[in-house]
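Turn these sequences into a full structure, and let the hints guide you.
Quick note on full-length UniProt numbering: the sequence shown kicks off at 1 and runs consecutively.
Among these hints, one or two may not hold up.
In silico EDC-like links for lysine to aspartate or glutamate, alpha-carbon gap of 16 angstroms or less [stated by the list, open to error]:
#: 1; residue 1: K36; residue 2: E7
#: 2; residue 1: K24; residue 2: E56
#: 3; residue 1: K30; residue 2: E42
Think of the hints as simulated: they come from the structure by calculation, not from any bench.
None of these values were measured; they are calculated from a predicted model.
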Amino acid sequence: NAFVPEEFWDIHANTKTKDKSDFKLLVAQKDGVAFKPVNETETKAAISVLENASYEVCKREDRPTKSKPSAPYITSTLQQAASTRLGYGVKKTMMLAQRLYEAGYITYMRTDSTNLSAEAVDA
Numbered sequence: 001n002a003f004v005p006e007e008f009w010d011i012h013a014n015t016k017t018k019d020k021s022d023f024k025l026l027v028a029q030k031d032g033v034a035f036k037p038v039n040e041t042e043t044k045a046a047i048s049v050l051e052n053a054s055y056e057v058c059k060r061e062d063r064p065t066k067s068k069p070s071a072p073y074i075t076s077t078l079q080q081a082a083s084t085r086l087g088y089g090v091k092k093t094m095m096l097a098q099r100l101y102e103a104g105y106i107t108y109m110r111t112d113s114t115n116l117s118a119e120a121v122d123a
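Structure representation (structure tokens):
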């Protein structure tokens, strides 16, 4: 069972509203059916139709979503995030964390536990 690659295409549209707001859209359906062009010819034909069409928002769907918060940082993940996001070295990260701890803004940062006390959760 060797892997057999399959060609697939997505069509994205960059749009502007009357008030100049930008939206990037993904064409997901055509005539109520999932639209997945399978080759360049089919894709170009769809783009030609889309470029010459006018558009109107005909439906809006609001759905509530839930997501769990990320786990609190442990020492290693704090250092990794500070390095990748801010370019900070370990020494600078831990010095800043120590200052935040001393000021009462964070709990003790040299830990490998993600458990929080009830008091910390309620704060």
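Of all the hints numbered above, which does this structure not satisfy? Sort the numbers upward. none
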